[in-house]
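Visitor: Sequence:
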Amino acid sequence: MITEDLLRISSNQGVSSVDSSHLSRLINDSVSDCANGSTDHSNLTISDDAISKCTFTPGGRRYYVPISIDEACIPVVNKLFDSMEEGMEFYQAYGRLSGFNTRRSTEKTDDDANIVSKYVVCSRAGFNEKKLIVSNKKSSQVKRRRTVSNRCGCGAKIILRVVSGKTYRISTFVEEHNHDLVPKSGRQFMRVNRQMSIISRKFVFDAANVNIGVSKSHSFVLY
Numbered sequence: 001m002i003t004e005d006l007l008r009i010s011s012n013q014g015v016s017s018v019d020s021s022h023l024s025r026l027i028n029d030s031v032s033d034c035a036n037g038s039t040d041h042s043n044l045t046i047s048d049d050a051i052s053k054c055t056f057t058p059g060g061r062r063y064y065v066p067i068s069i070d071e072a073c074i075p076v077v078n079k080l081f082d083s084m085e086e087g088m089e090f091y092q093a094y095g096r097l098s099g100f101n102t103r104r105s106t107e108k109t110d111d112d113a114n115i116v117s118k119y120v121v122c123s124r125a126g127f128n129e130k131k132l133i134v135s136n137k138k139s140s141q142v143k144r145r146r147t148v149s150n151r152c153g154c155g156a157k158i159i160l161r162v163v164s165g166k167t168y169r170i171s172t173f174v175e176e177h178n179h180d181l182v183p184k185s186g187r188q189f190m191r192v193n194r195q196m197s198i199i200s201r202k203f204v205f206d207a208a209n210v211n212i213g214v215s216k217s218h219s220f221v222l223y
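Going by UniProt numbering, the sequence shown opens with residue 1, and the numbers climb by one from there.
Since the hints were derived computationally from the structure, they do not count as laboratory data. Be aware that a few hints might be false.
What the hints assert, rightly or not - Lysine to aspartate or glutamate pairs mimicking EDC-like chemistry, simulated, CA-CA at most 16 Å apart:
| hint | residue 1 | residue 2 |
| --- | --- | --- |
| 1 | Lys-184 | Glu-89 |
| 2 | Lys-157 | Asp-82 |
| 3 | Lys-53 | Asp-180 |
| 4 | Lys-166 | Asp-180 |
| 5 | Lys-108 | Glu-176 |
| 6 | Lys-53 | Glu-129 |
| 7 | Lys-53 | Glu-107 |
| 8 | Lys-166 | Glu-71 |
| 9 | Lys-53 | Asp-82 |
| 10 | Lys-79 | Glu-175 |
| 11 | Lys-157 | Glu-129 |
| 12 | Lys-166 | Asp-70 |
| 13 | Lys-166 | Glu-129 |
| 14 | Lys-157 | Glu-89 |
Unchecked claim - Cβ pair distances, simulated, as ranges:
| hint | residue 1 | residue 2 | range |
| --- | --- | --- | --- |
| 15 | Ser-171 | Phe-127 | 32 to 38 Å |
| 16 | Thr-106 | Gly-165 | 38 to 44 Å |
| 17 | Leu-80 | Asp-111 | 34 to 40 Å |
| 18 | Gly-186 | Arg-103 | 34 to 40 Å |
| 19 | Thr-109 | Ser-68 | 20 to 26 Å |
| 20 | Thr-167 | Phe-127 | 20 to 26 Å |
| 21 | Arg-103 | Lys-79 | 27 to 33 Å |
| 22 | Arg-62 | Gly-165 | 18 to 24 Å |
Just so you know, even glycine gets a beta-carbon here, dropped at the ideal spot from N, CA and C.
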């Protein structure tokens with residue numbers, strides 16, 4: 001019944017990206033879990049090992065490297081781009097395939113304010129800075145702002161350096177992450193994939209009207 005409702009909604013909305021077999025399988029798995037009175041996913045075969053390789057340093061630290069990525073999509077030192085923007089978009093696409101978000105970081109300019117180098121890093125690079133708020137009371141009480149951050153000092157990045165004119169090259173590529181990468185089952189929730197089309201948003205809204213949760217209906221929309 002649920003499968004039929006969702007397929008009918010997708011048909012009415014013209015959403016051609018909903019895989020009916022995938023949808024049926026996920027719903028049947030969910031129903032089976034409910035019937036067993038458990039949602040324990042410890043036996044699932046999907047794991048970080050399926051998308052990344054974990055290595056250990058002599059000191060016992062873990063590092064994760066994406067695997068199963070097409071070689072053409074992997075950054076390599078001296079790879080050229082027609083513009084800095086193209087280089088940044090390339091690394092963002094690599095992050096999408098690998099299971100991590102990216103953000104723009106440090107840049108250096110010449111005397112004419114032209115950007116000569118640009119850092120593009122994993123979104124979990126650096127550490128969260130503690131911010132303070134001073135109240136307006138005469139006692140000058142200091143309150144700490146509650147912040148949520150998943151930054152953990154990850155060193156994965158690329159550095160783009162200008163070659164000539166608008167041409168840039170990758171001068172540095174650090175592949176290793178010090179944190180787990182997002183598994184394929186959770187890619188739709190990555191920041192880079194949060195942009196939903198109007199049709200997809202309407203599909204999720206209509207699915208809610210037939211008692212299908214947002215997270216589950218969102219997973220049926222294939223990017």
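Visitor: When you check the alpha-carbon spacing of Lys-53 and Glu-129, does it fall within 16 Å?
Guide: violated, 30 Å
Visitor: Between Lys-157 and Glu-89, does the CA-CA distance stay at or below 16 Å?
Guide: holds, 13 Å
Visitor: Holds or violated: the 34 to 40 Å window for the beta-carbon distance between Leu-80 and Asp-111?
Guide: violated, 24 Å
Visitor: Are Arg-103 and Lys-79 spaced within 27 to 33 Å by their CB atoms?
Guide: violated, 20 Å
Visitor: Given the hinted pair Lys-53 and Glu-107, is their alpha-carbon gap at most 16 Å?
Guide: violated, 31 Å
Visitor: What's the verdict on Lys-157 and Glu-129, does the C-alpha distance respect the 16 Å limit or exceed it?
Guide: violated, 20 Å
Visitor: Are the Cα positions of Lys-79 and Glu-175 separated by 16 Å at most?
Guide: holds, 15 Å
Visitor: If you draw a straight line from the CA of Lys-166 to the CA of Asp-180, is it 16 Å or shorter?
Guide: This hinted pair is violated, its Cα atoms lying about 35 Å apart.
Visitor: Mind checking the alpha carbons of Lys-166 and Asp-70 for me, to see if they're no more than 16 Å apart?
Guide: violated, 27 Å
Visitor: Could you tell me whether the CB distance from Thr-167 to Phe-127 stays inside 20 to 26 Å?
Guide: The hinted range 20 to 26 Å is violated for Thr-167 and Phe-127, with Cβ atoms some 34 Å apart.
Visitor: When you take the CB atoms of Thr-109 and Ser-68, is the distance between them in 20 to 26 Å?
Guide: violated, 38 Å
Visitor: Check whether the Cα positions of Lys-108 and Glu-176 lie no farther apart than 16 Å.
Guide: violated, 24 Å
Violated hints, in rising order: 1, 2, 4, 5, 6, 7, 8, 9, 11, 12, 13, 15, 16, 17, 18, 19, 20, 21, 22; the structure is consistent with all others.
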